[in-house]
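**Q** The whole structure should be built from the sequences, with the hints applied where relevant.
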Amino acid sequence: MTYQIQPLGDQGLCISWGNTIDMRVNSLVLALNDHLLQLQLPGMLDLIPAYSSLSILFDARRMLREFPQQQPYDYMCKRVALEIQKITEVNYSEGRLVEIPVCYDQSMAPDLERIARQNKLDPAEIIRLHSSRTYRVYMLGFLPGFPYMGAVDDRLATPRLASPRQLVPAGSVGIAGSQTGIYPLDAPGGWNLIGRTPLRLFDPNRAEPALLRPGDQIRFTPISLAAFQKNIPAP
Amino acid sequence: MSLHILKSGLLDTIQDEGRYGFGHLGVNRSGAMDRVGMAVANFLVGNAVGEAVLEMHFPAPEIRLEAPVLLALAGANFTAEADSVSVPLHTPVLLQAGVSIKFQKKRAGTRCYLAAGGGFALDAWLGSCSTNLVAGAGGWKGRALRAGDMLALRQNTLGVQPGSGEKMQCLPWSVNVSDFYPANQPIRFCPGPEYTWLDTDSQSSLAKTAWQITAQSNRMGYRLKGANLQQERVTELVSSVVAPGTIQLLPNGQPIVLMTDCQTTGGYPRIGQIIQADLPRLAQLGAGQAFSLQAVSLETAFAALQEQTQILRRMKTGCALKLSMMLTTQR
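Sequences listed follow chains U and F, in order.
When you line the first sequence up against this note's numbering, it's residues 6 to 240, in that order.
When you line the second sequence up against this note's numbering, it's residues 17 to 347, in that order.
Just so you know, the hints here were simulated from the structure itself, not pulled from any lab data.
Any given hint could be a false lead.
Output of the computed footprint for chain U on chain F, the stretches with three or more beta carbons under 8 Å from beta carbons of chain U [stated by the list, open to error]:
id: 1; stretch: 130-136
id: 2; stretch: 190-200
id: 3; stretch: 265-277
id: 4; stretch: 307-321
Taking CB as the label site, the calculated pair distances span [to be verified]:
id: 5; chain 1: U; residue 1: D27; chain 2: F; residue 2: A231; range: 39 to 45 Å
id: 6; chain 1: F; residue 1: A124; chain 2: U; residue 2: Q222; range: 53 to 59 Å
id: 7; chain 1: F; residue 1: R330; chain 2: U; residue 2: E71; range: 14 to 20 Å
id: 8; chain 1: F; residue 1: S220; chain 2: U; residue 2: R67; range: 34 to 40 Å
id: 9; chain 1: U; residue 1: D27; chain 2: F; residue 2: A140; range: 33 to 39 Å
id: 10; chain 1: U; residue 1: L87; chain 2: F; residue 2: L22; range: 31 to 37 Å
id: 11; chain 1: U; residue 1: Q234; chain 2: F; residue 2: G164; range: 33 to 39 Å
id: 12; chain 1: U; residue 1: Q123; chain 2: F; residue 2: S220; range: 42 to 48 Å
id: 13; chain 1: U; residue 1: P115; chain 2: F; residue 2: G269; range: 46 to 52 Å
id: 14; chain 1: F; residue 1: M236; chain 2: U; residue 2: A167; range: 17 to 23 Å
id: 15; chain 1: F; residue 1: A226; chain 2: U; residue 2: Q222; range: 35 to 41 Å
id: 16; chain 1: F; residue 1: I327; chain 2: U; residue 2: F72; range: 16 to 22 Å
id: 17; chain 1: U; residue 1: Q234; chain 2: F; residue 2: N268; range: 37 to 43 Å
In this text, all values refer to a predicted model and were calculated from it rather than measured experimentally.
Backbone N, C-alpha and C fix where the C-beta goes; we use that ideal spot for every residue, glycine too.
**A** As structure tokens, this is what we get:
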């Protein structure tokens with residue numbers, strides 16, 4: 006697959022395989038991410054996998070000191086071009102299957118009825134459609150531990166709110182375009198909210214603070230309001 | 017051994033060089049807005065370049081020292097006073113226990129850094145002591161400081177002790193930081209991945225406009241006012257990397273410069289990336305102030321960063337030497 010490497014100023018580089026939401030492309034992104042994570046190239050600070058791009062943030066200060074003959078961006082580009090050739094297997098199968106219980110009760114789904122109306126569907130049908138697919142976590146971003154997942158049934162696809170809410174409670178499950186996501190923390194946001202999970206998607210005190218990783222497979226299981234309330238984690 | 021916050025300021029947080037290695041989980045960098053200010057404050061008290069410091073905005077907090085402290089202030093000038101005696105910037109000072117520090121007036125700059133010799137006694141979260149406000153983790157309890165907080169300090173490894181009597185003793189040297197903050201110079205940027213999406217008029221007005229920092233500006237980003245930029249290409253962009261210094265173009269034609277609390281990914285066109293050497297200077301500008309932008313090559317960006325790093329390294333060596341000479345004479 007053809008790719009393009011562009012600088013992010015003097016801080017990093019962005020390798021992109023087009024501007025697309027595509028499982029094969031994303032598999033390649035995640036395979037290269039894992040490969041580079043293992044390799045720990047000197048000077049590498051952070052890897053940011055996204056839908057169809059992988060970015061490397063590097064420590065230019067350190068690289069300029071340790072390899073004064075090398076321009077850091079050129080050096081990283083050369084290294085990366087070598088490593089990309091080694092990624093031939095793009096069937097990324099590292100992802101785990103994770104069940105996410107979701108309460109679709111009206112009190113936690115302020116946008117569910119509107120989506121149902123707009124699509125001339127019964128609210129119960131929206132719930133059935135949302136919880137009957139396995140979704141892929143393409144990437145985490147926006148907030149610590151926020152999964153961008155897709156793709157939802159065409160009948161559920163709904164554009165973001167024109168004006169974002171000031172506060173979306175942690176655990177809220179939303180839809181934006183063909184994507185579905187879960188707010189890990191209380192935050193402002195513009196996704197259409199159709200339910201809430203009692204699981205903590207991000208907990209700084211856990212050894213692994215983020216519940217999900219890019220590449221994971223997600224299934225939503227509808228639960229009752231009573232079950233939700235029983236399962237709310239202690240603050 | 018602690019700093020006692022008597023009165024909180026507008027936004028006082030513990031910050032270091034930032035948190036790296038967890039970007040794939042959406043954990044953003046945080047860290048000091050002005051890394052040079054942080055480094056200078058640390059050097060003056062004999063700390064490592066990235067030791068956690070207190071970053072303050074104005075109004076700044078009122079702090080009582082519960083133990084003698086070797087302390088230095090750098091970055092913004094908020095006219096600091098220790099028990100009503102003026103505390104100079106960019107100078108190591110020894111303060112006795114019981115002294116209170118107040119900041120009277122904002123004279124220059126936006127963020128002031130306080131470093132304590134030995135550093136703050138804090139546990140790192142995911143490898144860093146920076147406060148991540150959105151995750152509520154890192155730094156001091158994952159939040160901004162409040163009245164009543166007692167920030168424990170580590171033992172000052174240099175063993176510098178204040179002489180008896182005087183409440184404040186300024187050590188007889190200071191550093192000159194004017195090289196890092198040249199006045200009225202443009203903030204330099206490298207064209208970003210979507211720079212060519214701008215039409216040619218907008219490309220030139222990016223460099224010609226006096227960009228004003230609006231009131232909607234904070235540690236996450238500065239919204240700029242000045243010219244309406246037009247995209248030649250309007251394509252929906254799938255989310256991809258952003259970083260502190262990324263200049264994004266909002267759908268209304270307004271640019272925003274992301275700062276150190278920004279997200280790891282975003283979906284707006286990235287028209288530029290401020291060079292790292294100029295981020296500290298931008299961090300010291302505040303709402304209402306204006307600056308111009310200048311496009312430069314990557315080579316220029318790296319050369320500027322290398323020069324800045326070298327000046328800082330010389331400063332560190334100089335500070336360490338003076339501190340050790342003073343200790344020798346003290347013994």
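**Q** Within 39 to 45 Å or not, the Cβ separation of U/D27 and F/A231?
**A** Holds - the Cβ-Cβ distance for U/D27 and F/A231, about 41 Å, lies within 39 to 45 Å.
**Q** Would you check chain U against the stretch 190-200 of chain F, counting CB to CB pairs closer than 8 Å, and say if three or more residues qualify?
**A** violated (count 0)
**Q** Range first: 37 to 43 Å. Now tell me if the beta carbons of U/Q234 and F/N268 are that far apart.
**A** Hint holds: Cβ distance 42 Å, inside 37 to 43 Å.
**Q** Verify the coverage statement for the stretch 265-277 of chain F against chain U, using a C-beta to C-beta distance below 8 Å and requiring 3 or more qualifying residues.
**A** violated (count 0)
**Q** For the range 31 to 37 Å, tell me whether the beta carbons of U/L87 and F/L22 fit it or not.
**A** About 57 Å separates the Cβ atoms of U/L87 and F/L22, which means 31 to 37 Å is violated.
**Q** Would you say the C-beta atoms of F/A124 and U/Q222 sit inside 53 to 59 Å of each other?
**A** For F/A124 and U/Q222 the Cβ distance comes to about 54 Å; the hint holds.
**Q** Could one say that the CB atoms of F/M236 and U/A167 fall in the range 17 to 23 Å?
**A** holds, 22 Å
**Q** Go ahead and decide if the range 35 to 41 Å is satisfied by the Cβ distance of F/A226 to U/Q222.
**A** violated, 51 Å
**Q** A range of 33 to 39 Å was offered for this pair. Does it hold for the Cβ distance of U/D27 and F/A140?
**A** Since the Cβ atoms of U/D27 and F/A140 sit about 38 Å apart, the hinted range of 33 to 39 Å holds.
**Q** Note whether the CB distance of F/R330 and U/E71 lies within 14 to 20 Å or breaks it.
**A** About 18 Å separates the Cβ atoms of F/R330 and U/E71, which means 14 to 20 Å holds.
**Q** Is the gap between the beta carbons of U/Q234 and F/G164 within 33 to 39 Å?
**A** holds, 34 Å
**Q** Hint says 42 to 48 Å; check whether the CB-CB distance for U/Q123 and F/S220 agrees.
**A** Distance hint for U/Q123, F/S220 holds at roughly 43 Å.
Comparing the model with each earlier hint shows violations of hints 1, 2, 3, 10, 13 and 15; every other hint is respected.
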